[in-house]
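Can you build the whole structure from these sequences, using the hints too?
What follows is the residue order along each chain.
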Amino acid sequence: MEPFLSKLLAASLIPPFLTFWILVLWGPKIGKPRAGWVGLIGGMGLPLLLSTIVFVTWFFTGPEQRDALTSAAQNSQVLWSQLGDFKVTFGVKLDSLTVAIHFMVCFIAFWIFFFSIGYMAGHSDCVHHQSKYWRFFAYLALFGFSMLGLVISPSLLFLFIFWELVGLCSYLLIGFYFDTDYAPPAAMKAFITNRVGDFGFIIGLGIVFTFLGTLDLEGAAAAFKTQLAAGTGLFAKTVSVPILGWSFSGMTLATLMGIGLFCGAMGKSAQFPLHVWLPDAMAGPTPVSALIHAATMVAAGVYLVARVFRLLTPDAQMFVAVIGCITLTFMALIAIVQTDIKKCLAYSTLSQLGYMIFGMGVGAWTAALFHLVTHAFFKAMLFLGSGQVIEGCHHVQDMRRMGGLKSKMPVTCWTFFIGVLAIAGTGIPGFHIGDLRFGLGGFFSKDEILAVAYDRAFNWGRFESGGEHAAAQNGGWQIANSEREEASESVSLAAFSAQHKTAQPKGAPELAEQDAHAKQEGRTGEANGHGAGTAQEAGGHGAEEGHGGAAAHHASAKDPVAAGMKALPKWMFLFAIITAYITPFYMFRAWWLTFMGKPRDPHVHEHAHESKMMTLPLAVLAVGTLVASYALFRPMLAHAAPVAADAPLVVAVDGEAHDPAASLIALDHSADRNPHSKLVTIVGFSFLVGFAVAWLVYRKGLGIAERLKNTFPLNYLHTLLEHKYYFDELYGFLWVRGCRGVAAVCGFIDTWVIDLVYNLLSSVTERLAAFTGRVLDAQGVDGFVNGISETADDLAEALRRPQTGGIRKYVLWTVGIGTAVIAAFLLAPYGESAWTVVAERLGFGTHGG
Amino acid sequence: MLSWTIFLPAIGAVLCMFAPKNQIKRIAFISTLATLLLSLLLIPAFMGGGIDPAGTFGTRYGLMHFVERLPWITGESFTIEYFVGLDGLSFPLFILTTLVGFLSCWASWNFENWRVNKGMRTYFILFLLLETGMLGVFASLDFFLFYVFWEVMLLPMYFLIGVWGGPRKEYAAIKFFLFTLAGSVLMLIALVAMYFYSGDAVRAAMADASSPAGAQSQGLVSGYRPADAPLLNGGTFDLIEMATNDVIAKHFASDGTTFLGVKFAVIMFIFLFIGFAIKLPSFPFHTWLPDAHVEAPTPISMILAGVLLKMGGYGFLRLCYPIFPSGGEAWAFVLATVGVISILYGALCAMAQTDFKKLVAYSSVSHMGYVLLGVAVMTQAGFQGAMFQMLAHGISSPMCFFLVGVIYDRAHHRDLNRFGGLWLTMPRYGTLATIGFFASLGLPGLCGFIGEAWVLIGTFQAGANPQMPWAYTMAVLAAAGVILTAGYILWTIKRVYLGHPHEEPGHEMPEATARETAILVPFAVLCILMGVFPSQTVFNYCNGTLNHILAVVTGG
Amino acid sequence: MLDSGCRVLKGRVILRLLLIASLGFVALPALAQAQAAPRVEPGVVYATPGGWFEAAMFYVFGGLAIASALGVCVSRSVVRMATWLFFALGAVSILYFLLAATFLAAIQLIVYVGGVLILLIFGVMLTSQSAWVRFTPTRTNLAVASLICVGLLICLMSVLAGTDFGPPSATSIGTPVEAIGRRLLTHYLVPFEIAGVLLMIVMVGAAHLARQEKN
Amino acid sequence: MLAIGLIHYLIIAAVLFCAGVFTMVTKRNAIGILIGVELVLNSANVNLIAFDRYHGKGAMDGQIAALFVIVLAAAEAAIAVAICMNFYKNLVTVDVDQGDALRG
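Same order as they appear, the protein sequences are chains A, B, C and D. Residue numbering for the first sequence follows the working numbering, starting at 340 and increasing by one per position. Residue numbering for the second sequence follows the working numbering, starting at 773 and increasing by one per position. Residue numbering for the third sequence follows the working numbering, starting at 341 and increasing by one per position. Residue numbering for the fourth sequence follows the working numbering, starting at 66 and increasing by one per position.
No lab work stands behind these hints: they were computed from the structure. What you are looking at is a predicted structure, and each value in this text was computed from that prediction instead of being measured. Note that CB positions come from ideal geometry on N, CA and C, so glycine has one too. This list has only true hints and no planted wrong ones.
Derived CB-CB ranges, DEER-like: (1) B:Ile845 x C:Leu482: 45 to 53 Å; (2) B:Asn1189 x A:Leu1069: 21 to 29 Å; (3) C:Val400 x A:Glu1068: 27 to 35 Å; (4) C:Val400 x A:Leu1069: 28 to 36 Å; (5) A:Ala1159 x C:Val400: 30 to 38 Å; (6) C:Thr526 x A:Arg1106: 53 to 61 Å; (7) A:Thr571 x B:Gly1028: 36 to 44 Å; (8) A:Phe1164 x D:Arg168: 31 to 39 Å; (9) C:Leu482 x B:Val964: 39 to 47 Å.
In C-alpha cells:
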C-alpha cells in the first residue's frame, strides 16, 4: 500500500512523456486523426486512470493513514544528482493537496484533449505540406508530463524545473501558429515575462538553499521553523530594499525569500506587474487557452504559493495579498471593455487568479485552493465554449459580430451560461438546509475567501485587544509591541514572538481558549458563540481549567498578532467586494452578446454550427462545475489544510476549519461579527445586480453601451481600459526598447572602444617595430658611414612623409603639436614658473596651476 | 592507450600527407572516429566517481588514470617529463574533444562547396594536428608539456582561420593569434617562475637541518611518485606535485615569497588567469572571439567554441586554483566581477547583433562567464556548476554553430533579419535547432540549465562565507542574465525560425540533409541526456576530483 | 521614396525651427538689454554685471552655443552642419549682447548669419552632387581627432583654471557706436583702409576664381 | 555660479575652439572644414570681446580687433567658397582627401 500510491503518481508521468516522443518521432506517420487519439489516450487517458485510482483510494483513507503515506513517500525518494555535497532527490510529494490537484489536472486535461481532437479536426493545419496536427498533440502531451511533474514535485528544484518546462510548453503552444505575425511575439512575450518572474524565483531558491540548507519542501519548512525559533539564519539580519517608494527596510531575509519565491508565481499566474503576457497568450489555439492559460498552468502560481506557504512570513503574505488585490480589481475592470471573446475570458482569468492569490495572501489557504479547483472547472468550460463559438463562427472572435447564437449552439449556450453563473458566484445566500447549501462552485469558494478577508479586515481587533489584555497582565507584550515599531531593529518580528514564547510562556492561554471556542463554533456552524468581548472571561476560564502547558505553547506559536500578522487594510477588502460586482457584469455581458439578442452579423450567424465532439467535454465540465467540485474537492482540500496550518510563523486563517485537527484560526462567528452573515448582505446578491445591470445595458445590442462609452467621464475611463492602463506601451518602452538600447550601446562599445584600444595597441606596436627595424637596426648593421647617409635618407623620408597633401592632416598635426606644447608647459616641472612668467607678462597673476 | 588516443589524429595527419587526393577526407574521418571510439573505451575506468580508494596517487587530488610518464628532456638541472594522465577533471573534457573533433570533421565533409575550397590536404592535416594538440592539453600533467601542446594547438588554428576563413579572415586570424600568444607569454613567465620557485622550496627543505630524513621524502618524492621516477633536482614542472607537495605549496603561498615585489601567489595567479581568461574568453579579453568565430569556417567554429574555450576553464581548475589557492582568495572578488560582467555584457552584446554567428559567439562569452563565476566563488556547487557549464556549452555551442553553418550553406548570408519561417521550410532542422537554442537558453531538462543553476546556487552559498559578502549581489546580477539570455535567444528564434518564410530568389532552403541531421542528432541527444541525467552523464565522473581540488584549495 | 519623404519632412521642421530661432534672436537681445542694461544716461548703455537675467541668458545661450558647436562636430551632412553653425553663431551674438558689445552683436548677426552662412549654403549647393552627400572619416581618424581635441580642451581648461585674471577693471563699457567709428577712423585708420583694400581684392579674386572657364 | 565673469566666456570660447578644430580635422567636405574655421574664428572673437569687456581700458581695442576679425572672416569665406567651387570643378567632388596633389 505505502509505495503503491506514490508509485502510481510517479508512473503517471511516463505515458505523456512517451507519447511526446512517439509523436515527435513518428508523428507524421501516425497520421491525422490517429495522432490525436494517441495523444488523448497516452497523453492524458492513462494518467487520468492512475490518478482516479489514487484519488479514490485517498478519498477513503483515514487521516492517520494519510499522514503515514505522506511520510513514507517523503522517505522513499531516489537520488537524482548532487549539488555540492547536498544530494538532490526526486520523488513524489504525496498529500491531499497533490492528490486533489493531480486529479483535477488529469480530469480537466483529459476533456480538453478530447475537445482538441474535435477542434483540430476542422483546422487547416497544413502549411508548406507539413501537417502540424501531430505537433499539437505532442506539445499537449509534453505539457501533461510537465504539469503532472510540477504537481508531484517534492522539492523546490524540481518545482522549478517542471515550472520552466510548462513555460516551454506554453511558449510552444502559444506560438503554435508560428507562421503568423501575431503568435511568435506573443509566445516570446509569455516566456520572457515568465523569466522575469523566474529571476525572483531563482533568488528565492538561492536563499532557501543557502540558509535552509536544502531544497526539499519538507526539509526547508522544518529548517525554517528551527531558525525562527532560534532567531538565526534567515531571521538573523534585516535587509533594506527600497521598491517603488515603499522602503522595505527592516525586512528580514525570510521575507525577501518569500517575496522572491512569490515572484515566480507572479510570472506564471500573471499577477499584476507581470500580467501582460496572458492576454497575448490567447494567440494560441483555444483548447490551449482553456488548458494552460485558464485551468492548469496559470494556477501553478497559486499552487506554488500554497506549497511554500510555510516559508512565507506575515510581511511576505501581505505582499502577496496586495499583489493579488491589485490584480483582481484592475484586471476585472479591463474585462468590461474587451470585445474579443477570448481576451474577455483572459482578463476574467487574470482577475480570478488575483482572487486566489489574494486568498493566499490573507491566509485563506483552503479557500484559495478551492477556488483554484472550481475556477479550473468553469473557466475551462468557458474557454471551451468560446472555442466552440470561434470554431463554429470560422474564427471570428469579436463579440460585436456575434449575437443570437443560442439557436445555433444550444448546448454551448447553456453550458456557457452555467459557467457564467458559477464565476459570478450564484447561489442562495444565507440559506441552508442542515449543512446543505445551494450554489455553484464560485459561490462557495469566493464566499470563503471574502469571509476570511472580512475577518482579517474587521474582526482582527479581537486578537489585538486580547494582546492588550495580556500585556496588562505581564508586560511581555508591550515590549514586543513597542519594539515592533522599530523597523531598524535587527531582529525580526517573528523572532520576537519566538522570544516572547520562551521568555513568557504564560502569555496567552486565554487566546488559546478563545481560539478553541471560535473553532468549535465554526465547526458546528452556530452563530451565537462567545466573542472576543468575552476573551477575558474565557481566558480566566481556560486558566482555571488548567489548559496551560502544551495548549498555551501551541497557541502562542499561532498567535497571529505576535507573529506579525496585521489586520488587513480595509481598502483591500473593499476592492475585492467591488470586483464581486464587476465580475457578473462582464461575464453576463460576454454571454449575452455572444448568444442572446439578435444576430449582428448575418454572415457569421448563418455559418455557425456546433460540433458533437466538442459538446461532450462541455457537458462533462458543466456537471463538474455543478456538483463535483464541492462534493469531491472541498473535503480533500480541507484535509490538506494542515500543510498550511503547520506553518511555523504564519497563522493560516481559514474559513471553516473543517478538520478538527487543523490548528487554524477560525473565523469569528459571534453574532454581530459573523463574516458569512455580513457577506450575505454585502455581496450575497452581487450576481443579481451584475446580471441586471448588464442586461439593462446590453439587452438591445450595443447601442446603449456605445452611448455610455462616449459620455464624459466614461470615455476617458474607456480609453484607459481599452489600452490596458498602457502597460504594454510602458513595458515596450521601458524594457524592450531600453534593453535593446543598452544592448546596442554594448555592441557599440565592443567594436568601437574595446576593439579600438586593441587595434591602437597593435598599430603602435607596428609603428614601433617599423621604427626599430628601419632606423635602429639599419644603423647598427650598416655602420657609421652608411648610417649617416641612411639617416639623411631617413630624415628626408621622415620629412617627406608628413607632407601628405591632405589638408586635414596638416590641421591635425598643427593642433596636435600645439596641444602637446601646451601640455608640456603645464606638465613640465618648471612649467609653473614659465607659465607664471608668461602670465605676468600678460598682466595676469596665476594661482594653483 | 591514452597516448595512442592522443596521437592517433597525428598519425592520421601523416597518412593524409601521402594519401591520394580522393582518400583524404575518408582518412580524416576514420582517424577522428577511431579516436572517439578509443576515448570511449576509457570510460569504464571512471565509473563510480573517480575517488581514489587506495590513495596511491595523491589522495588530495583525485584519482589519476592511464598515467604514462617518461623522461623527455632531462638535463643536469632540470627535468621535463612526458607525463600524461586523466582524472575526473580532464576526462570529460577529453571525451568532449574527441566527440566534437569527430563531428566537426564530419561537418567538413562538404569542403568542396566552401568559399575557399583549395588545399583540402593541408586543411585536414592541420585539422588532425589541432585535435592532437587539444587532446594533449587536456591530458598532460607536466606544465612544460602542457605548454608545448598549447602552442601546438595554436598554430593550426591560426592557419585554419586565416586560410579557409571568411572575408576578413586575415584580421581575425591575426587577432586570435596575438591574443592567445599574449596569454601564452604570461603563462610562459609563470612556467619558468614556478619551476625555479619550486626548486627553491625543495632546496630549502633539503637544507633544513631539523628534518634531514624527512626532507628527502617530503621535498623530493611525494607519495604518488614511483620509485624509479627521476628525482627532483631543482624544480618541477609536475602540476600534481606542485599542487599537492606541502613544501612547495607552503613556499608558494608564503607572504615572504615575492615576484617583482608582489606576493608570488597573487601575481602568478593573475598571470595564469589572464592567460586562461583570454582563452575563456572573459570580458575585457573577449573581442578576438566574435571575429574569429565569424570568419572561421563552420567546423572550426565548432571546435573553437566546443573545445578551445574550455581550455580556459580547465586551466583555472587545473593550474590556478590548486597551485595558488591564496591567489584565488585574493582575487575572488575581481574574478567574480569579471564573470558577472561577462555574463551580462555578453548577453547584451549578443542582443545587439544582426549577424547570426556573431550572436552565438557573444552568447559564448555570456555562458563562459558562468564558468568564471562558478570557479571564483570556490564552493562545491560552484565548481561543479562551472564544470558542467563547460561541458554543456561544449555540446550546445558547437551545435548552434553548426546550425548556423547549415543555413549559411544555403542562404550564403547570416543576417538574422533576412531569415524567417525556417521551421516551416525545414521542420526537422527547425526542431533540432529549437533543442539546441533552448539548451543554450538554459531550459531545465536540457544541458544548459544545470550548469547555470548550480553556479547560481553555489554563488548564493558563497555569500554565507564572511569573506565573500558580495556574493549575493553577484548571484542576483548573474540571475538577471537569465532574463537577458531568454531575451536574445527567443528573439533570434522568432526572427529566424518562426514567422513567415522570408524567401529570397535563388536561395531556397531545402531540409537538412542526412549528414547534417546525423551531426546534429548526437548533439541534441546529449543536450537532453545531460539535462535529464546530470549525475550519470557528468557529475559521477568529475565530482570526486572536483571535491578533491576544492579540498586542496580550501586547505581541507 | 519613404526616405526622401522623411527628408522633406525634416527639411520643413528645420525651416520652421530656423524661423523661430531668427525671431528669437531679434527679440531676446532687446529683452536682455531692457533687463540687464538699464539706461542710466541717454546714449550710453550700461550693463549690470551679476544680474540673474544675465546669468540665465548666459547659461541658456552659452549652452546653446556649446551644444550647437558639438552639433557641428557630430553632424555628417554639411547642411546639418550649416544649420548647427547658424545656431552657434546666433548664440554667440547673444553672448556679445551680454558682453555689452551690441554693435558687434549686430555685426555678427548681419555679416555672419546673414552673409557668411548664406555664402556657405551657396557653396554647398553649387559644389555638391547632393546636399546630403557624406564622406565618412575613418575610425582611427575620429579617434585621434577626438583624442587631440579633448586633450586641447583639457589643456585650455587647466590654463584657465590656473590663471588669475585679477579683478575686472572698473570701466563699465557701453557700446557707443559713435566711439567705435571715431576710433576706427582715427587710431585704426590704416588697418581700416587696408581692410577695405583687402575686401576689394577679395571681391575681384573670388569672382575670378569662381568664374566659369570657357573652353 | 550666478555671477558671470570673464572665465565663463573663456570656457565657452575654449569649447567652441575645440569643436571648430575637431570639425576641421574630421570633416572631409571642404565646406565642412570652412564651417570649422568659422567656429574657431568665432571663439577668438568671444575671447577678444570678453577680455575687452572685463579688462579693457575703455578704448575698445578688443571690439575693434573683433570687428577686423569678422571682416577678414567674411573675406576668407568668400575666397574659400570660391576655392571650393574651383576644387569641385577640377575634381568633381568636395572631398578634400582627394586633393592631395601636393603630396611630398
